[in-house]
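Colleague: Here is what each chain is made of, one letter per residue.
2 protein chains.
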Amino acid sequence: MQLLKDKIRTSAKITDNRIIQVDNFLNHQLDIALFNEIGKEFKRRFSAKEITKIVTIETSGIAIASITAQYFNNVPVVFAKKHAGLNMNKDVYEAKVFSYTKNQEYLIKISKDYLTPNDKVLIIDDFLASGSALLGLYSLLAQSGAEIAGVGIVIEKTFQEGRKLIEEKGLHLESLAIIDSLQDGQVIFKE
Amino acid sequence: MQLLKDKIRTSAKITDNRIIQVDNFLNHQLDIALFNEIGKEFKRRFSAKEITKIVTIETSGIAIASITAQYFNNVPVVFAKKHAGLNMNKDVYEAKVFSYTKNQEYLIKISKDYLTPNDKVLIIDDFLASGSALLGLYSLLAQSGAEIAGVGIVIEKTFQEGRKLIEEKGLHLESLAIIDSLQDGQVIFKE
Chain A
1 MQLLKDKIRT
11 SAKITDNRII
21 QVDNFLNHQL
31 DIALFNEIGK
41 EFKRRFSAKE
51 ITKIVTIETS
61 GIAIASITAQ
71 YFNNVPVVFA
81 KKHAGLNMNK
91 DVYEAKVFSY
101 TKNQEYLIKI
111 SKDYLTPNDK
121 VLIIDDFLAS
131 GSALLGLYSL
141 LAQSGAEIAG
151 VGIVIEKTFQ
161 EGRKLIEEKG
171 LHLESLAIID
181 SLQDGQVIFK
191 E
Chain B
1 MQLLKDKIRT
11 SAKITDNRII
21 QVDNFLNHQL
31 DIALFNEIGK
41 EFKRRFSAKE
51 ITKIVTIETS
61 GIAIASITAQ
71 YFNNVPVVFA
81 KKHAGLNMNK
91 DVYEAKVFSY
101 TKNQEYLIKI
111 SKDYLTPNDK
121 VLIIDDFLAS
131 GSALLGLYSL
141 LAQSGAEIAG
151 VGIVIEKTFQ
161 EGRKLIEEKG
171 LHLESLAIID
181 SLQDGQVIFK
191 E
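Those protein sequences? They're chains A and B, same order as listed.
33 is the number that the UniProt record's numbering gives to position 33 of the first sequence; each next residue is one higher, with no gaps.
143 is the number that the UniProt record's numbering gives to position 143 of the second sequence; each next residue is one higher, with no gaps.
Derived from the structure by calculation, the hints contain no laboratory data.
Hints may be right or wrong, so weigh each one.
Straight line, CA to CA, 25 Å or less: simulated SDA-like cross-link-like pairs of lysine to any residue [to be verified]: (1) B:K13 to A:N89; (2) A:K112 to B:T116; (3) A:K102 to B:F25; (4) A:K43 to B:F25; (5) A:K13 to B:E41.
No experiment lies behind these values; they were computed from the predicted model shown.
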């Protein structure tokens, strides 16, 4: 997706030749016009699929998933909680996820009320790198019996093992910008 | 806002005569069609104001703020982080917030890159009850020198002190559903 790649080239900060920080438009300040173009592109790539629900994970996936849902007939968005409040229903699906950007393990949770075996789910997230968050979501969805119709990612880094782990599960994965290398602070996209 | 009140009546769960749980459409599963109506209503109520940015706070404000921004010419959304990652810029505005639903104090943060004295900010959040989260956002914005053009809240509970604290700051506050009482598990809206 050219618009997204251009935005990454002009706005992302690279550190340590492997970390790409996109707080400027994706993870802290949110570029809503760009998110609409991202939503349209996910619809184009998953147009053949019947989708009844979009599932994502706290925090950065929520805005992208919500804008994207508008292009899928306003299907409900459900986000897995990393920091459940005291008011949360106790009857939940849960899975462990390790966050490298926070160097911490989380228990992520989705209430059993919001996933059923009848759901056909599009998973949306901002990043695919190690794949840990996506495998956690995969586990929650497998517990619920819902069907995973596809996985839509905004930015994928090919030099970590995420794609391999997702493809091993037989999932249809679409990433809008695929980064092969961040060596020397340069973003090299996969052709 | 009648559509919202109807949704609260049919879908909210009341506990302890003071806690209203709206995970079904606002805090865990997200009703995107309703969020669009909420966004339109905020635009109607703040139509006289010039807005350059929408500011909210992790987690439940993010989706509402993002959908609402579409009705304000796609202005950027910035969310205060409760759980900053290791990659976050260290040059931040910060404030303490106490969360009653998590019984925990947080340090909330916004990068100085994303708030300037030229910004005219609409604050959006899901709930106003004790007012702690809003006072934290007020502090971040005061530190930045940005102007607060208004505060838009989805659900306000009048039997806690939030409104008083916000109005003492001289802010223009608009709440789309105002709840006077949850006694006996019944939702009584302010007329």
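Colleague: Taking the hints in turn, state whether each one holds.
Modeller: For each hint, the structure was consulted:
no., hint, verdict
1, B:K13 to A:N89, "holds, 11 Å"
2, A:K112 to B:T116, "violated, 43 Å"
3, A:K102 to B:F25, "violated, 29 Å"
4, A:K43 to B:F25, "holds, 23 Å"
5, A:K13 to B:E41, "violated, 37 Å"
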